[in-house]
Structure formats: structure tokens, C-alpha cells
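K.L.:
Read off the chains here:
Protein chains: 2
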Amino acid sequence: MINETYRAMLGAKNVIRELSEYATARGKEIGYENVYDFSLGNPSVPVPEAFTEKMIGLLKTGDTMSLHGYTPTLGNAHFKERVAASLNKKYGMHYEAKHIFPTTGAAGAVAHAVRAVSAPGDEIIVIAPFFSEYKPYVEGAGCVMRIVAADTDSFQIDFELLEKAIGKKTAAVLINTPNNPSGVVFSKETLKELARILTKKSEECGHNLFLITDEPYRDILFDKKEAPYVSSFYPHTLSCYSYAKSMSIPGERLGYVAVQPDCEAADEIVPMCGQISRGLGHNCPPSIIMQAVADICDETSDLSVYETNMNIIYDTVTALGLSCVRPGGTFYIFPKAPEEDAVAFCKKATEYDLILVPSDGFGVKGFFRMAYCVDTKKVERAMPVLRRFITEVYG
Amino acid sequence: MINETYRAMLGAKNVIRELSEYATARGKEIGYENVYDFSLGNPSVPVPEAFTEKMIGLLKTGDTMSLHGYTPTLGNAHFKERVAASLNKKYGMHYEAKHIFPTTGAAGAVAHAVRAVSAPGDEIIVIAPFFSEYKPYVEGAGCVMRIVAADTDSFQIDFELLEKAIGKKTAAVLINTPNNPSGVVFSKETLKELARILTKKSEECGHNLFLITDEPYRDILFDKKEAPYVSSFYPHTLSCYSYAKSMSIPGERLGYVAVQPDCEAADEIVPMCGQISRGLGHNCPPSIIMQAVADICDETSDLSVYETNMNIIYDTVTALGLSCVRPGGTFYIFPKAPEEDAVAFCKKATEYDLILVPSDGFGVKGFFRMAYCVDTKKVERAMPVLRRFITEVYG
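Residue numbers (the working numbering), protein chains in the order written: chain A, 1225 to 1619; chain B, 1225 to 1619.
I should point out that these hints are in silico values taken from the structure, not numbers from a laboratory. Predicted, not measured: the structure shown is a model, and the values here were computed from it. Heads up, a few of these hints could be off.
The list treats identical chains as interchangeable, and a pair is accepted whether it falls inside one copy or across any two copies.
Using 30 Å as the maximum straight-line C-alpha spacing, the simulated DSS-like pairs for lysine-lysine come out as follows [as the list claims (entries may be wrong)]:
no., residue 1, residue 2
1, K1602, K1284
2, K1602, K1252
3, K1601, K1412
4, K1388, K1313
5, K1571, K1314
6, K1322, K1252
7, K1322, K1359
8, K1425, K1560
9, K1601, K1284
10, K1252, K1284
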């Protein structure tokens, strides 16, 4: 029989997708250059040239069997070694290849990580604002997603609320830093306090609480800052990464889970992910992409445009009097809307051909997200329109 | 907490993988050319040149954002259109793009198809011998796999047993033709009778029984025969395909679910697969592979070597007096072992450096599988060894 659960999901609205589709339709009417579409997080800068060169080089070697053949169940060995070496050099860690499980993007990584450290019925805690797909990842594992309300002053973590949320059924806390949608990077102090609470609560619970950290924006940082590396603060950490944003290859589906070497069952989690994969029909990310990225895994696209765009928007929204935490990375910004109902606000914005995403789907009310992976000239052209909208409607 | 179900799976032995690892280790001792390894179904012929050319061509266009960017949730539109057109031309069907859901190989396809037409607790019927990964696909969806014992005379379907197996809890029947491990192609008569029984039983059950057909070997056919197209026999059919074997690109993870246009909820199943994907962290097969295959989806590698190899082995095993159904396709053959205990038989074979897979994992006792995606010269060299083994041990 047709699965009625999935069928029922067809009726549910995906706000971001609807906005994006509206933008496309409106673009056909008035020209897409006249629609200020800040809805989608699709990278807007070309891939590193080294990636393209590497791909063409591999294709020209002609050994198509080793290039396109099945990869080992637990991933291409060379890719795993290179990732471990890169993390060790960059963050002073001591990963080995056996701690790296290659996945189809960060989505695949989080889906595996949640299953590895939970049983159906367990609770996974997320901190608002959170990426809206966490709900299907958590529920797909048979778990319950428990939301800790946002600290809207800083978009760090409200630890009082977190402590209250952790209970007997908690299996893991799932965080996202640099954060989509807020653009905020969790500080060293935040991560230290998070580790302290997880350690304390693990003792109270009688079992280790895991930390799953989703970090696809780890390499998009502003103000020449380095982001603290989450896994260096707490041993029982599974770090989920994707090359989608740093190399602008979201469609090629390459990421990984990196299991902290001091984690409980550190040597078992990657083989367990291999078993999880079988039931999901996942079976490794694409072979040629793993092989191409292996040797150039520290390369990134020219990501500087995102900082340029962030500064333009941040200056405009703050000048307009909107409260806004300055993003430390990503290509998102998350200002406070000038009215409580963010959905109503974003709807009014569309009348100015401004496509903004209301915060409700991210677990917070009264804010809006702008994804500025958009040509800088368009960002510049959008600012007078944003100014006109805010002053005319809310002035 | 560490998931104990997946952890417990680490102890379980994967016979095929163990044999393959043994072959690799033995190869290091005596030279891999001296190990007659028939364990793994990894294609042994190069990819079509058109695939490599198309890949390089795409990489050289330089529009990296449309090449490597996110694909739409339900897959690349051009790929879907081309697949539908190809199936319509080849099999006289009337698919539209909306009936095609691109997946990461046939594994992803079956994992989605099972979830779309079942609810947790339902039964999925498989016909022995069956591909051993069906168990994790079915159990991953929360369903129970029910096995219909093999018709070992023909490796078609024992319909009496099938009729008995179908009950109130049956959601779907999952078949695999051309079949791994038997190499047998289900005949027109078999598919007609299967459709008749499914139609009759659907009426009795009060709901439509679905047919999921796993067809990665659909294009590897022998004796110049055409395989009957399963979906043309029964409307409520989800056909799962992969380019892994026909184009020798198993590592690139590209396949699809094709929903028969006359199927119940035909227009809803692909969008439902999109929802299923969210929970699995699946999110589309790789973008460049979809784009490369779209225009050349009717190309195949030079598959003739598999027929050459099949004939050599078939002639040898039948001359040795082993009972064997002649394969109609694939790169597998499934002779009867000369003793009841196939595991013991295959163990003895390793003493002759012959790596054969016992039938037990495929749901049948007393047979063995040989995967002849192997260089023909090696197949030829292996035959005297096989002869010596059988005559010395069982003569």
C-alpha cells in the first residue's frame, strides 16, 4: 500500500522552496535580474580550478575501472587518509583514516551520525535557530527532536535552557556552527561551556552524551578569524562536513563524518556507519569526486565575495535600525524583522520583489534570513529597494 | 548511546567480502594472476568512450555553477526526460519525466521504492535466490522480508509457494531479473503469471499489491535475446535500474526508480521519494554524472565479454556433470555444488585457489555463484583448475 506518512508530507509546504519558486516565476515576468532573490543557499562562486583540472586529469588517465568502479564499503582509502591528515594539520588533531566515513554531503553525514549514537525513541537536542532539515534527519532515525530556544541576543547557546532539556532520553546534542541561518560562529567560550555541561550531564545520565556538529560552512569565515574546531573541545564528538560550500560542489554530494579519536567506540563508529548505509541504500559518495577532492582537499573557491556581500547587507540593515548579530561566517544573515510576524513581513517584502525567508522554519519567531550567495552587484542594487521597503512600510 | 543494533552487526560475517579479502591476501602471496577470484560483481570492462568524452566536455564548458550546483529535489529535469524517452522507445511504454526518480544506484532505488509502497511492519516478499542486500533494504524500511523458496529446476518462480506467501500484511513483491546470483531472466510466461496472481491477490487483499523490480543487469543479455520488460506486464510496478553494470560505473552511484504510468498514485510516488530522501540524507545522485549520462543513456560498455565468459564456464561445469541452468544474462552463473554443503564445497575450492561463493546467502542451499566479470584469459586458465578440483575431490 502507498505509504500514507510520506504521502501526507506532500501537502506540507516548504516555505523556502515556495519562495524560490515564486522568485523564478516572478523572474519570468519582470526579468530575473529585477528579482532580489535571497532565498536559496546555493553557492554563487565557481569551483576551484584545481578541482576541474583534477577531474579532467583523472578522466584522461583512462583506467576507468579503478576510477569508476565500486569503492570499498567504508570509502576510498586515499581520500580518508588525506582528510585525516588535513584535519590534523589544521586543527592539531590526531585522526586516522579509520575515523573518517565519506558520505553524500553533510546530509548523509548527519543522517549516519544520528543513527550511530541513538536508538529509536531517543531524543536529539537541537539549538534554535537550526537548519530546517534536522527534523527529517532526526525523525528518519526514529528519534525525537527536542528544541532548545534561541538566545536571540547573541545566537550562541542559552545554557540554562540546554541543561533543562537534557534528560534520561537524550542521546546527543546536534549543533551547527558556523550557523545556518544566523551566520554566527560558536565562540571558544560557548564550546567550552557546552563541553562542561555535556561532561557533567553524561555523569548524571550514566552514559556518554554525544555531540554531533554539522559544519559545512567551516571554511567560510569573516574578519580574518579562525573558527574554534568543535571536536577539540569534547571527546564524544562526530563532526559532519561537506565540500558543498567551500568548493561550490553541492550537487556532487561529497562530505564525511569525522569521529573524534578519543570518542567512545571511536574505532567502531565508522564500520557501524557502513552497516547503517546498507539499510539506507547510501553506499558511498561518487568515486571520481572522492578521488578528485582527495589531493586538493584544502583548496577552496574564492570565498571572499561572501564577506563583501555580508558587509554591504549588515551596514544597510543596521543603518535601518534593524537589530542584527554580525555574522562570523557562512553566507547568511539573520536580522530581526520590524514586526513580530516574520511570515507577514516576508510576504510584504515580495511586493518589492525582495525574496526573504521568515525565521519560523528555523525554530525562531520574528527574524528573517537572507542568503547572500548572490552577485555583489545585485546585492548593491537590492539595498535601496530594501531601504524603500522598510521606510515605506515600517517608517 | 552507541546504537547496539548496528554495533552487533559488526560481528556478523559477510561471506562474499571475506572471500574477496581472502583472495586479495592470497594474491599477495602467490600473485593475484594465480588466484581465480570469481567472488565480486565489479564490472571488468571499460566505460563507454562516450561517457568519458561527455564528462570532459562538461568540465570544459566552465559553467561550474550549473554543472556542480544543487540539482532539483526530484532530480535533473533533462536526465529524467531522456530516461523516460529511452524507456518509451525501447519498451513501448509511456513514461513522462515525472515518473522518473534519480537515485544513488539501484541500492538507493530499491531503498526508496520499498518505503514508498509499504508501512513499517508490512511484509515484502522476495523470491529465492535473491540479492543478499535485500534484507537490509527491507528491514531498513521497518518491514519484514518473507522468502519464497527457489524453483531450483529453472530459477523462475514457484507460483504455488508465492500464492501461499501472499497475505494481509503483504505490501509488495520484490524481484530481480536478470537475476543475481542465477543469471536467469524471468520469461514472458513467468511475468504474465506473476501479474495474474498479483491482480487476483490484490482483489482478495482489498488493496493493490506492488511489484518492485530490481533490474541493474537489464542490458546484459545473451543469445541475442531481448528480456521482457517487467513493468509492461503489471501496472503497479516500480522499476529500479542502475548504470553500474551497463556502463561500468558502479562507483559513481547513478540509477533511478521508474514508476509505471498506470500505477496507483503514479503522479505521487516520485514526490514521495523526494520526501523519503530527506530522512535518509540521500538528496540526489551526483550532478555531473546525471548530466553526462543524460545524453548517452542508451550507450553501454562492450558487454560481449560476459557472454564469452559465460559460455566457457557453462560448457565446463556441464561437462563436469554439474547441474546448471544456462544464464540468460548478467555476469553470474549458479551451478549445483557436487555436495549438499555449499559452504564446505567453496572452502575446499579455495585450496585450489578458486574463489567461489556459496549459495546460502542468496536464500538457497547447495549451489555456488561464480561472478565472471573477469578477464577471459583468466577464465580460460581457471577451467583446468576447476576440472582438477571437481575430479580430484568429487570424482
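K.L.:
Each hint needs a verdict: does it hold in this structure or not?
P.N.:
Quick rundown of the hints versus the structure:
no.	hint	result
1	K1602 with K1284	between (39 Å within a copy, 27 Å between copies)
2	K1602 with K1252	within (17 Å within a copy, 60 Å between copies)
3	K1601 with K1412	neither (35 Å within a copy, 62 Å between copies)
4	K1388 with K1313	neither (37 Å within a copy, 62 Å between copies)
5	K1571 with K1314	neither (43 Å within a copy, 48 Å between copies)
6	K1322 with K1252	between (50 Å within a copy, 22 Å between copies)
7	K1322 with K1359	both (29 Å within a copy, 26 Å between copies)
8	K1425 with K1560	neither (33 Å within a copy, 59 Å between copies)
9	K1601 with K1284	between (38 Å within a copy, 27 Å between copies)
10	K1252 with K1284	between (40 Å within a copy, 29 Å between copies)
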